[in-house]
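Participant: Add chain B to chain A, keeping to what the hints say.
Just so you know, the sequences run in chain order A and B.
Counting from 1, position 277 in the first sequence corresponds to residue 277 in the UniProt record's numbering; the numbering is continuous, with no gaps.
Counting from 1, position 236 in the second sequence corresponds to residue 236 in the UniProt record's numbering; the numbering is continuous, with no gaps.
Please keep in mind that the hints were generated in silico from the structure rather than gathered at the bench.
Certain hints may be false.
[Stated by the list, open to error] In silico DMTMM-like cross-links for lysine to aspartate or glutamate, where the CA-CA straight-line distance does not exceed 20 Å:
{"no.": "1", "chain 1": "B", "residue 1": "K22", "chain 2": "B", "residue 2": "D45"}
{"no.": "2", "chain 1": "A", "residue 1": "K216", "chain 2": "A", "residue 2": "E256"}
{"no.": "3", "chain 1": "B", "residue 1": "K22", "chain 2": "A", "residue 2": "E16"}
{"no.": "4", "chain 1": "B", "residue 1": "K108", "chain 2": "B", "residue 2": "D190"}
{"no.": "5", "chain 1": "B", "residue 1": "K22", "chain 2": "A", "residue 2": "E63"}
{"no.": "6", "chain 1": "A", "residue 1": "K277", "chain 2": "B", "residue 2": "E264"}
{"no.": "7", "chain 1": "A", "residue 1": "K22", "chain 2": "B", "residue 2": "E63"}
{"no.": "8", "chain 1": "A", "residue 1": "K277", "chain 2": "A", "residue 2": "D203"}
{"no.": "9", "chain 1": "B", "residue 1": "K277", "chain 2": "A", "residue 2": "E256"}
{"no.": "10", "chain 1": "B", "residue 1": "K22", "chain 2": "A", "residue 2": "D45"}
{"no.": "11", "chain 1": "A", "residue 1": "K22", "chain 2": "B", "residue 2": "E16"}
{"no.": "12", "chain 1": "B", "residue 1": "K22", "chain 2": "B", "residue 2": "D203"}
{"no.": "13", "chain 1": "A", "residue 1": "K243", "chain 2": "A", "residue 2": "E151"}
{"no.": "14", "chain 1": "B", "residue 1": "K277", "chain 2": "B", "residue 2": "D190"}
{"no.": "15", "chain 1": "B", "residue 1": "K277", "chain 2": "A", "residue 2": "E264"}
{"no.": "16", "chain 1": "A", "residue 1": "K222", "chain 2": "B", "residue 2": "E264"}
{"no.": "17", "chain 1": "A", "residue 1": "K188", "chain 2": "A", "residue 2": "D136"}
[Said to hold, decoys possible] Which residues of chain A face chain B? A few of them, derived with a C-beta cut under 7 Å, are:
{"no.": "18", "residue": "N20"}
{"no.": "19", "residue": "M21"}
{"no.": "20", "residue": "K22"}
{"no.": "21", "residue": "L25"}
{"no.": "22", "residue": "R26"}
{"no.": "23", "residue": "E48"}
{"no.": "24", "residue": "K51"}
{"no.": "25", "residue": "P204"}
{"no.": "26", "residue": "P229"}
{"no.": "27", "residue": "F235"}
{"no.": "28", "residue": "S262"}
{"no.": "29", "residue": "E264"}
{"no.": "30", "residue": "V271"}
{"no.": "31", "residue": "P273"}
{"no.": "32", "residue": "P274"}
{"no.": "33", "residue": "F275"}
For glycine and all other residues, C-beta sits at the position ideal for the given N, C-alpha and C.
Protein chains: 2
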Amino acid sequence: MEVRPKRLNEMWLFEEQTHNMKLGLRITQVLRNIKTQYQDLLVVDTPEYGKVMVLDGAIQVTERDEFCYHEMMAHLALCSHPNPERVLIVGGGDGGTLREVLRHDSVKEAFLVDIDQEVIRAARDFFPTLSCAMDDPRARVLPMDALKFIEDNRESFDVVIVDSTDPVEFAAGLFEAPFYANVHRSLKEDGFIVCQTESPFSDPHVVAGAIQDLRKVFPVVKLAVGFMPTYPTGFWTYGIGTKGLDPAEVRRPAPEGTRYYSHEIHRAAFVLPPFLKSMIG
Amino acid sequence: MEVRPKRLNEMWLFEEQTHNMKLGLRITQVLRNIKTQYQDLLVVDTPEYGKVMVLDGAIQVTERDEFCYHEMMAHLALCSHPNPERVLIVGGGDGGTLREVLRHDSVKEAFLVDIDQEVIRAARDFFPTLSCAMDDPRARVLPMDALKFIEDNRESFDVVIVDSTDPVEFAAGLFEAPFYANVHRSLKEDGFIVCQTESPFSDPHVVAGAIQDLRKVFPVVKLAVGFMPTYPTGFWTYGIGTKGLDPAEVRRPAPEGTRYYSHEIHRAAFVLPPFLKSMIG
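Isolated chain A, as found in the complex (with noise of 0.2 Å):
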């Protein structure tokens, strides 16, 4: 008989983070696997991570780095704008972005509008440090096409923060000039618009290419940098515009007990290394 030494069995999540470069992360337990109207949408838990939520194959959120990507998506336009009352969050349905623009006592209502019903269910079902925010009674969730309730909101918001998937399928439009020209007018007169905008490495014509569209519509265009481990090659970026106001300057105290933000992270993630200087011209 022949003796084989025992094998365990193994789960791993690949993702395909461009079409030569994959992340695998190790998977103890698939805790949801489903399709939606939207996209394809993947709970797993993971000893590296914690739990991880995947759309159509790009992970969106991970409980161990997450605080990393919501506290620069919130914190560096609701740290520079005057008096931030009124937020609109597109996308972002896991609830993580929302919760940190909900710690600022500026705010009187943050809306989160995401399309897909089912990536909110999962975040309540899942993810609970995440979706928290989404019963404080300043939170209106609303699962509904954004672009929708953009025009239905003229000059109505002083921040909206573009929380979006990867720019493909019914995603692709929230990085174009129409779309931003859409949000400027759905801004009051010292409003900022704050975009994630791609890793710079794996995809530097979005990052380029958001920044230029971004430029068409607003006076005011910077981009940002922070590390985000579990996003492509963990270099992301961060796109503001604003209606005049420097989004580089402090204008407000940063909220208690952050982990990645701090008003020196903020001065510090506007300094650019040469080549992503160039990139965006």
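Facilitator: Chain B alone, transformed into the frame defined by chain A:
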């Protein structure tokens, strides 16, 4: 007869970044695959990052993103030291750090001491854009044990750069206090040590331990951060110790034509997110 869609031959390099996380890069060609006296050495060509050198399963260098790492390893110390003339690189057999060091006109002699002659050979054979500096008349390339070399060179160097592999096997000692004490003895009065100290997400104990051990030996110790896409999590740290000078202060011009480093980046690199400040205590 069964008709099946044509399938392509695929080759992938999978780097086990931790026990529970992998980075995969598509391979077009295997250029070298040998066991040296010290480690497994692999050189592959990839569509995503160009040529890649792998030692004992860990990616050391890729043509496309090496500048992010090598510019930081060299210029953080060389732009802060008032007059760096003699520089020692421990490890770094690919030549990338040496290339950046020799961009400083003040440098009269730069020693590259790598224990593995085969790494130097592979760099010369496949990475001409890194190994080019080995032929500079100021370069001294020595395939030998750096520990021995340091013992024989007291109060000799302005800057020592520890460009080592991960802290396992023969490189483990390079992250500990006795080694740092040897480096301290080999440094002149204004001396700097720079060490790559891994990622706070994939190896938090290494970051914290290296800083703790540097502090046992050097009166001034600071941590800097930088993006490095193909290293685990893309979030890299650089531990710097001096005999008194503040390494966050810039004292000399940056070389022209850098792509990652600038004086602004230098200052911003020492701004740490709150969670990382806590980690190093």
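Participant: Could you work out which earlier hints the structure fails to respect and list their numbers in ascending sequence?
Facilitator: 2, 14, 17, 24 and 25
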